[in-house]
Structure formats: C-alpha cells, structure tokens
Amino acid sequence: MPTIDLETETGRKEALRRMLTIRQFDTTAGERFADGEIPGFVHLYIGEEAVGVGACSALEDDDYITSTHRGHGHCIAKGLDPKPMMAELYGKREGYCNGKGGSMHIADVDAGMLGANGIVGAGPPLGTGAALTIDRKGEDRVALSFLGDGAVAQGQVHSAANLAATWDLPVIFLVENNHYGEGTPVEEQHNVENLSATAGAYNVPGITVDGMDITAVNEAVTEARERARAGDGPTFIEAETYRFHGHFEGDEELYREDDEVERWEARDPIETFAQRLIDRGELTNEEYEALQSEVETTIEEALEYAQSAEEPAPEEAYDDMFAAEVPEITEFARRVRADGGDPDGGER
Amino acid sequence: MASAGLEAEATETMTVREAIRETLREEMARDEDVFLMGEDIATMGGVLDVTGDLHEQFGKDRVRDTPIGESGFMGAATGAAATGSRPVVEIMFSDFLGVAMEQVMNQMAKMRYMFGGKTEMPVTVRTTEGGGMGAASQHSGTVHSWIAHFPGLMAVAPGTPAAAKGLLKSAIRSDDPVFFFENKMIYEQSGEVPVDEDFTIPLGEAHVEREGSDVTVIATQRLVGESLSVADELEGDTDVEVIDLRSLYPLDTDTIVESLEKTGRLVVADESPLSYGTHAEVVARAVENAFYSLDAPIQRVGVPDTHMPFSPSLEREVLPDGAEVRDAIERIV
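Chain order of the listed sequences is A and B. Residue 161 in the UniProt record's numbering sits at position 161 of the first sequence, and the numbers go up by one each step. Residue 303 in the UniProt record's numbering sits at position 303 of the second sequence, and the numbers go up by one each step.
Source of the hints: derived by calculation from the structure; they are not laboratory data. As the structure is a computational prediction, the values presented were derived from the model and not from experiment. Do not take every clue at face value.
To be verified - When the alpha-carbon atoms are kept at most 20 Å apart in a straight line, the in silico EDC-like pairs for lysine to aspartate or glutamate are as follows:
no. : chain 1 : residue 1 : chain 2 : residue 2
1   : B       : K118      : A       : D61
2   : A       : K92       : A       : D35
3   : B       : K118      : A       : D35
Let the sequences and hints guide you as you build the complete structure.
Below is the structure:
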C-alpha cells in the first residue's frame, strides 16, 4: 500500500495537508532563522512541495529515502514529526539527532529516512546501498534518492547510478530540477536539455515530469517503484520545479529576475492542487481554510516544542562517535573539562 | 601455572594472505549479513589474490565484483551498513581511497554522530598499502594516518598472520567503521595462527612481540618482522622490546607507557610519511604520558615525506627497513 493513495479522496486531502505542512514549517523556519533564533543556515523547500509529497506518497511506509541539503520537505513528506524536526533546527536535545545534526542532517533511520545531506550528490550512493541491503535480504522495499540538478554533475552520482543499474538494484533517482545549482543556472552546468537524458548512459528509463504537479510526480514514482520491485532496476525521474526562496535564507538572489520568480509562483503547486480538488467538488473553500488553520496550529505547536526544549548538556558533544567505547574520546573529553575553564588549569 | 583456561591454544601455520582469506571465509559462514565487494575480487580472486576462491564457495552475490567506481561502491557499502548489512569492502590499492574519500569522510565517518547515535555503521574496509613492488607512486602509498586521524573511523594494521586474523574478525564484528590496512610485502609472511573461529583481538590493543629492557621499538606492518630480526641480531648486546602497534585508532597508550617505563628509549617504525602521522601520534602519547621515563631522544623511522619512486634503487632509498631501525636504536642506546 502506498503511504498516501492519491487515487482516493482521503489520500488527496492528506497529500494536500502534507504540502501545506511543509510550506508552513519552512515559512516558520525561515522567519525564525531571520530572527536569529535558528543557528547555522537553512535551505527552504517552499515551491517544491509537490515533488517531495508526490514521491513519498507513492512509496510504502518502510521504503527508504535519502535527502539533500534542502530536506525539510522530504522529512515531512516521509511522515516525520514536525516537533523533533523543529527541535533539531533549534539544536535541542529533543531533536531527531539530539541537536548534533541540524537542518542539513535530519534523519530518522527507523522511519526509512537516511538523512538530509550537506554534500551535493552524496545521497544516491547511500540510496544505492540501502537498495543493496534490500536486494540481498530479499525485502519488499525500495529506496528513493532525492538529488538536485546540481548533483547530476557529481562523479559519485554517476558512479552509484552505474552500479545500481548494472546490478538492477531497487532504487529510484529523483532529480529535483529547480533550475539553479546554488546561484548558477542549470544551462550553465549541464550540456543536456533534460537531466533525465543521463539515464541513457545506464540504459534505464529517464523521464521528465512537471514537478509542480503532484499527480505527475506521484504517477512517475509509482511506476518506477513497480519497476524496481519487479527487479528491473533504477529509474531516473527529473521533476521540473522551482524554489520560491533563495538557495539559503539571506541569499540576495542576484542570479534571477523577479518576473521569473513570479511566473513560477503563479504555478504554486499547493494552490494548483487545492484548486483542482475544489473544482472537482472534493474540497470546499471552507474546508481548505480549516485545513490551513489546522496546519498552522501543528507548526505553532512544533515551534513551541522546539523553543521550550532543553539544550543538550555540553558533555553530550562526546557521545555517539562510536558504538564501542573509545578511550581517546573519554580521555580527551575529560581533559577538556578537567579545568572547567579555570585559568589555573585544574587537574591537567 | 597451567590451568584449564590457560592451556596453549591450538594453532596452525599460515601466511598473512591465508589468514585474511580464512577469516573472511569464517565470518561469511558465520553471518549471512557479511558480504564482500570490490574490484576484481571474485572471478580474479583479487589482484593480490587475497579473496582467492571465496566466490566459489559463497557465490557472486556475496563476493561482488564492482565496477571501477570507488565513490559509488564505497557509498553503497555505507548505505548498506546503515540499513542492516555488514559489508567488507576491498579497495585494491590504498591510493585509490582518494576516489572514495567523500563517502568515507562525510558519510561513513559522520553518520552515526550527525544522527545522534541513531544508526550503526558496521562496515569494514580492507586495502593494501606500501612500497617494495616497484608499483610507483599511485599503487604504493601508506595512507593509514589519514584514516586514523579522521574522527569516527577506526584503523588497524596487522604485522603478523595472527594479528591479521584477530583484528579482521574484530573489524567485521564491530558495529563501527574499521579500516584494515594490509602491507602488500607481508602477504607471504608465515606465522602461527590460533585455529579458534572466535579468536579476536580487541581493537585498540598493541602487542608485545618480544620483551626487552633497553629500548622499545613500536612498529607496524612489515616493520614488525624486520624489527624482530634486528632484535635477534642485537641479542646479547642490546635487549630490544618489539611491539606490534596493531591498532592505530584507538591507540593503546597503556602498552606504550608500560614499555617506556621499563626501557626509557623509543623508536617508532612505520611506513607512513614522517610528518603529521602515525609516528607523531605515538610520540605524543609517549611524551604526554611517560615524559619522565624517557632517557633519550625519540627516533622515528618512516618515509621521508616523498612519494614512492618507481626505480627499485630509488624505492629502496626511501623505504624504511630493518637497517634503519637498527641505526635508530644505535643512535640512542
């Protein structure tokens, strides 16, 4: 059973809710980052919601995904809880990674979410590895790796795709082409018109779909998943989309014009889908407003949870390096803390 | 002294190559989740014939010939380890680790920590190091200091067949990423190896191969055997203690300190380049923890910060050997 069945009315409403949840989560994260509450930097998924939700809806609950630096949307689409997600952005102990990962490394391996990733192109080899486990153990699952248009230029993506195709591994490569690799247009980074054309190098299907249309993404991933489960190997899907915000919050966006942004915003994937449901008589304007209001409450609660969550204790910095106990870490940590900042140096 | 648990273990004579191969065989038989992947390790049996016939016994699903794409298959091993597999990767020559280092340093080494401890990373990476074959600069490197330096990775480097077996078993059974560095010049070296299928050597333990009271030689890989020969040559004149470091990270500070408290003199012999490496870390531990036991300047024997030249006469020049260990001992005793 797919996580969310877009063939049903209930499924379509749930998908809409998830897209709205992503939009609200990232809007809030952007505001709190601008206010200086969230440290580091954040990359927002606003505008790309149809890709994440369309794709993850087509997966089953125990399928794996690997994500990117722009990963909040993938997490919510995969069913992660906004509370520990937001707490992770705040660097709190209650975060998914106990505050050690932050925005770019949110993971929940038990939920099949193998991590956002700060290295462009690092996800596809990991997704290929998850598919290798699935294949070897004969499990009824697949892995899906999200990657950006910029990642298609990375050697490790090619290396993994070639391996996955050669070994017919059950993995799907979903290229979110948002038309800019950081600040450089896709045309200046690649010599192919459609990034899905790279699939030809591996003799696997490559298709380009409208990434602003959740249904188109969902259908493509559903088909790719069937192919993967049938033992026929990977599929390359390019979803053409657009991020409404900059590469990171604070990006001056010197590389694009306002009218281009406006053209894409006019194709807002959430508004488009909601309108489709309204036109079909599946959703009323009142219900849509109520749904938006519910989502706002969900994210407000997540924010409050994160804001009031505990800071990790300083000594937790020395946890989680290894499964085994390593004397260096305990010893060096002890030395670091031995003087407690005492200028006389304590017991060193 | 002898009691039930302390009887001499049954051993058999085997080479380092055989010890590694048999260990892989035993661990694959023991645990279905263990599988091998690397370039030409199945049909060809490995370019230095380490995996040999394993594919005949376990099939090509468990002894996997990969495409020549280290970044992809190192990443796949990392993803597989995060999802319940226990892959053993072979990197044909350690120099090729450069191609795979993104996945090693940013994924394999960091995932557990970045995820707040919520994943394990039971992957073993075997690779061959060292000069002596006329293989030139891109097939002769000794790179274990990079790995030992990088937080989140464990690194071991056996100097004997027994250490090869015990360390490789511990590596494969570990839930952490462990790099297993094989010096290519000692594959044919023979020694006694315990036959026990559960014979393991804890990661992080050095071993005193020969006791002595005048000087401590801490050696790795090929230089363990060469240092033992030097110790024999000097017998009656200088009493040399030889320690196989075995584990580069974690590093056995206690064994280093105990030995120095006895001898007061230290030679560190390792085929890494001399600057910023394995020697330096051993010396730092010695100075931090046994400063007042030291009676003479510490000596380092290694490669003098060059790459490995091709011409055998040049290669002999830069490669550390027993004669250099002997010179180092004689400078301080």
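Broken hints, by number: Per hint list: single violation, 3.
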